[in-house]
Amino acid sequence: MFNGFSHSVMGASHEAKNIVCQDSSAHKVHDKYAICVVADGHGSKKHFRSNIGSRCAVEATVETIEKFYENVDEIEANLPTNSKLIIRNIEKQIIANWNVRIMEHLVNNPVTEQEMAPFTTMEFEAIPPESYYGTTLIAAVIGRNYTFGLQIGDGSLVAVFDDAWTIMPMDYEESNPANITASMCNSNAASMFDSFYKRDKVPLALFASTDGLYTSFGSDNDFLDYHTILCSQLGDLTNFEPSIIKNLQKRSHFGTEDDISLSCVFNNDLLAAKQHVVDAKVMENRERAKTRKNELMRDMHKQRNEVVKRRAEELHKR
Amino acid sequence: MSKDNTKGYSGLLDFDDDDPLNATAVSKKSLVIFFLIDTSGSMKGKKMGELNTVMEELIPEIRRVGEADTDVKIAVLTFSTDVRWMYSQPISIEEFEWARLRADGVTSMGEAFKELSIRMSRGQFLNSPSLSFAPVIFLMTDGYPSDDYKAGLKLLKANSWYKFGLKAALGIGNEANDDMLAEFTGSKETVVHAYSGGQLAQMIKIVAVTASQIGSKSMTLSDENDKELQDEDVFAAKQTLLGQQIQELVGNQNDGDTVPFDTGW
Chain A
1 MFNGFSHSVM
11 GASHEAKNIV
21 CQDSSAHKVH
31 DKYAICVVAD
41 GHGSKKHFRS
51 NIGSRCAVEA
61 TVETIEKFYE
71 NVDEIEANLP
81 TNSKLIIRNI
91 EKQIIANWNV
101 RIMEHLVNNP
111 VTEQEMAPFT
121 TMEFEAIPPE
131 SYYGTTLIAA
141 VIGRNYTFGL
151 QIGDGSLVAV
161 FDDAWTIMPM
171 DYEESNPANI
181 TASMCNSNAA
191 SMFDSFYKRD
201 KVPLALFAST
211 DGLYTSFGSD
221 NDFLDYHTIL
231 CSQLGDLTNF
241 EPSIIKNLQK
251 RSHFGTEDDI
261 SLSCVFNNDL
271 LAAKQHVVDA
281 KVMENRERAK
291 TRKNELMRDM
301 HKQRNEVVKR
311 RAEELHKR
Chain B
319 MSKDNTKGYS
329 GLLDFDDDDP
339 LNATAVSKKS
349 LVIFFLIDTS
359 GSMKGKKMGE
369 LNTVMEELIP
379 EIRRVGEADT
389 DVKIAVLTFS
399 TDVRWMYSQP
409 ISIEEFEWAR
419 LRADGVTSMG
429 EAFKELSIRM
439 SRGQFLNSPS
449 LSFAPVIFLM
459 TDGYPSDDYK
469 AGLKLLKANS
479 WYKFGLKAAL
489 GIGNEANDDM
499 LAEFTGSKET
509 VVHAYSGGQL
519 AQMIKIVAVT
529 ASQIGSKSMT
539 LSDENDKELQ
549 DEDVFAAKQT
559 LLGQQIQELV
569 GNQNDGDTVP
579 FDTGW
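Protein sequence lines, in the order shown, are assigned to chains A and B. 253 is the number that the numbering used here gives to position 253 of the first sequence; each next residue is one higher, with no gaps. Remember, the numbering used here sits 318 above the position in the second sequence when you count from 1.
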């Protein structure tokens with residue numbers, strides 16, 4: 001019933017600097033639900049193990065959600081009335097699970113002299129060990145007639161419903177250019193999650209992505225349209241998957257040069273039944289994009305013409 | 319199932335035109351340069367004439383800064399009795415045409431700061447997902463504000479785009495108050511002063527081009543001990559670098575036109 005894919009591509013800038021990819025991604029498909037998850041390791045100086053931190057984050061997330069779903073019928077029966085509490089408990093458990101994993105990694109792999117070299121002793125001692133592994137996280141679950149998701153830090157989640165309505169159910173935070181983002185390594189991480197639960201519409205597909213994908217677009221409309229197109233091609237996933245990877249590489253290379261991760265889960269049977277709806281939406285979006293572009297160009301040219309006219313009048317007066 | 323740390327694609331990129339995913343374009347990294355320009359009555363005459371001429375010449379120079387890597391956009395806010403945007407949204411440098419400004423009225427700089435603070439947000443002028451650089455904000459004025467600029471500046475200072483933006487200011491003539499301009503930029507090093515037409519042209523070009531170059535660079539700066547700086551420190555370091563480069567370039571300039579503004583204009 002459910003299917004999915006997940007890919008992480010290395011950012012062009014990381015490749016140039018010979019830095020490992022800081023992103024991780026995963027998806028897990030079960031009979032009655034599926035999970036998509038991505039994590040974006042911070043990658044800066046004090047987060048020198050954030051590639052491992054992001055891997056621990058996706059593994060901790062899949063494991064935690066699977067534990068909550070050990071009795072699928074029970075959790076699905078409880079979600080409509082207790083979604084906030086359940087999601088909050090999942091978030092807390094993910095943080096706890098992540099901390100166990102990174103601490104285990106630290107015990108088995110003590111910090112090396114090479115890793116400490118960029119710091120003075122005082123500087124190094126001031127860094128909390130969990131910061132070495134700092135990462136963001138976005139995860140979502142698709143069920144037969146509901147979906148929910150959770151997020152800490154930047155990145156995007158897009159949901160496509162059975163009428164091809166495509167939205168970002170969690171608002172992209174008003175980020176500032178300093179790229180300061182909430183993180184799994186924050187001491188109050190469990191209280192920093194955003195989440196959503198939706199059951200009034202039937203989900204077709206969910207896409208979680210790290211911010212490298214979002215920032216390769218010129219507008220939110222383009223970003224959402226891209227996901228509707230992705231959705232329209234999922235019926236032939238085997239043949240389409242190489243195109244997805246290629247496109248992510250292109251977006252990193254010609255966009256912000258950041259790592260990009262994309263994880264998707266979708267309802268295969270429902271998609272087969274609704275393929276015509278999604279295809280029609282793609283066509284409609286294409287027309288709307290043309291109209292938006294034309295309106296923007298018309299508006300800009302109108303203003304430019306006024307500027308040129310005013311300038312000509314001034315020159316004439318002089 | 320986990321696919322982490324996949325090796326990146328390093329070969330030539332060969333993309334199929336029929337790929338449906340190519341329907342949505344890839345956006346380059348983008349940068350918005352804000353010019354805040356005093357168009358009050360005291361700017362009337364040669365000051366405004368010179369400023370208009372320099373700005374027209376400047377656009378092609380900034381165009382070269384962005385080139386292939388960065389999509390540079392320009393937004394011009396003028397302030398006199400009213401505040402007014404030259405265009406209703408930031409315009410790509412490729413499309414930008416300078417509209418010659420006229421001077422009249424009083425100096426509502428506080429209102430300009432408020433207006434800038436409103437527009438510098440994701441919901442307004444900085445709404446492009448591809449906006450990866452902090453904005454460059456360049457203030458030019460020849461006098462003291464006639465409104466409560468401190469209230470406007472307080473609002474602006476709470477805006478995170480302003481906090482991390484590259485700020486520079488140009489005082490024109492004897493009446494411009496460099497201390498007040500340093501309040502706006504956060505340091506005296508990023509304030510320059512022009513006392514003549516020749517200097518005005520030089521200063522505008524130095525500040526605008528240098529700020530655009532630094533603003534559009536993806537930098538992992540090093541501190542004085544050659545150690546990598548934190549992400550959060552890079553923005554402060556960029557501002558410091560801007561001050562250093564401006565002062566260095568200003569120090570190397572000739573006086574050019576030696577007729578002072580306040581006698582010549």
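These are computed hints drawn from the structure, not numbers from a lab. Predicted, not measured: the structure shown is a model, and the values here were computed from it. Mixed in with the good hints there might be a few duds.
Unchecked claim - Distance windows between CB atoms, simulated:
1) A:Lys-201 - B:Pro-338: 21 to 27 Å
2) B:Gln-407 - A:Thr-238: 39 to 45 Å
3) A:Arg-288 - B:Asp-400: 33 to 39 Å
4) B:Ser-439 - A:Glu-63: 35 to 41 Å
Virtual Cβ for every residue (Gly too), placed ideally from N, Cα, C.
Right, here's what the structure says about each hint:
1. A:Lys-201 - B:Pro-338: 21 to 27 Å: At roughly 25 Å between Cβ atoms, B:Pro-338 and A:Lys-201 fall inside 21 to 27 Å, so the hint holds.
2. B:Gln-407 - A:Thr-238: 39 to 45 Å: holds, 43 Å
3. A:Arg-288 - B:Asp-400: 33 to 39 Å: holds, 36 Å
4. B:Ser-439 - A:Glu-63: 35 to 41 Å: holds, 39 Å
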